[in-house]
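Colleague: Sequence:
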Amino acid sequence: METDIKNGHKGTGAVPLFLSGLAVGAVLGVLFAPDSGKETRRKVGQWLKERREKGKEVLLSKKEQVLEALEAGKKAYKDTEKKLVGV
Numbered sequence: 004m005e006t007d008i009k010n011g012h013k014g015t016g017a018v019p020l021f022l023s024g025l026a027v028g029a030v031l032g033v034l035f036a037p038d039s040g041k042e043t044r045r046k047v048g049q050w051l052k053e054r055r056e057k058g059k060e061v062l063l064s065k066k067e068q069v070l071e072a073l074e075a076g077k078k079a080y081k082d083t084e085k086k087l088v089g090v
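Residue numbers (our numbering): 4 to 90.
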């Protein structure tokens, strides 16, 4: 990461900043829409539920990838150990 010369902070990257702005903009757009308070709360609740479900899917996918990588690493270690010992 590059250091910002002006204040010495490391850069956070454009993608997380963009996604944060996108989320804030979406929430503000819903909050200022010409719906009743009840309808707005329902929309925000639905949006949050969808994000939570998508997050769970992503986490499960990453968990599977990590477990597969772990198994591959264990296998490679055992194969290498066998070659070194000569079994």
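To be clear, the hints were calculated from the coordinates, so they are not data collected in a lab. Treat the hints with care, since some could be wrong.
Said to hold, decoys possible - Result set (DSS-like, lysine-lysine): computed pairs, CA atoms no more than 30 Å apart in a straight line:
id: 1; residue 1: LYS59; residue 2: LYS46
id: 2; residue 1: LYS41; residue 2: LYS52
id: 3; residue 1: LYS41; residue 2: LYS59
id: 4; residue 1: LYS77; residue 2: LYS66
id: 5; residue 1: LYS65; residue 2: LYS77
id: 6; residue 1: LYS86; residue 2: LYS59
Colleague: Run the distance test for LYS86 versus LYS59: straight-line Cα separation, threshold 30 Å.
Modeller: violated, 41 Å
Colleague: Going straight from one Cα to the other, do LYS59 and LYS46 come out at no more than 30 Å?
Modeller: holds, 20 Å
Colleague: Hint check: LYS41 vs LYS52, CA-CA at most 30 Å. Holds or violated?
Modeller: Holds - the C-alpha atoms of LYS52 and LYS41 are around 16 Å apart, at most 30 Å.
Colleague: Given the hinted pair LYS41 and LYS59, is their Cα-Cα distance within 30 Å?
Modeller: holds, 27 Å
Colleague: Does LYS77 sit within 30 Å of LYS65, going by the straight-line distance between their CA atoms?
Modeller: holds, 18 Å
Colleague: Check whether the Cα positions of LYS77 and LYS66 lie no farther apart than 30 Å.
Modeller: holds, 16 Å
Hint compliance for this structure: hint 6 is the single one not met.
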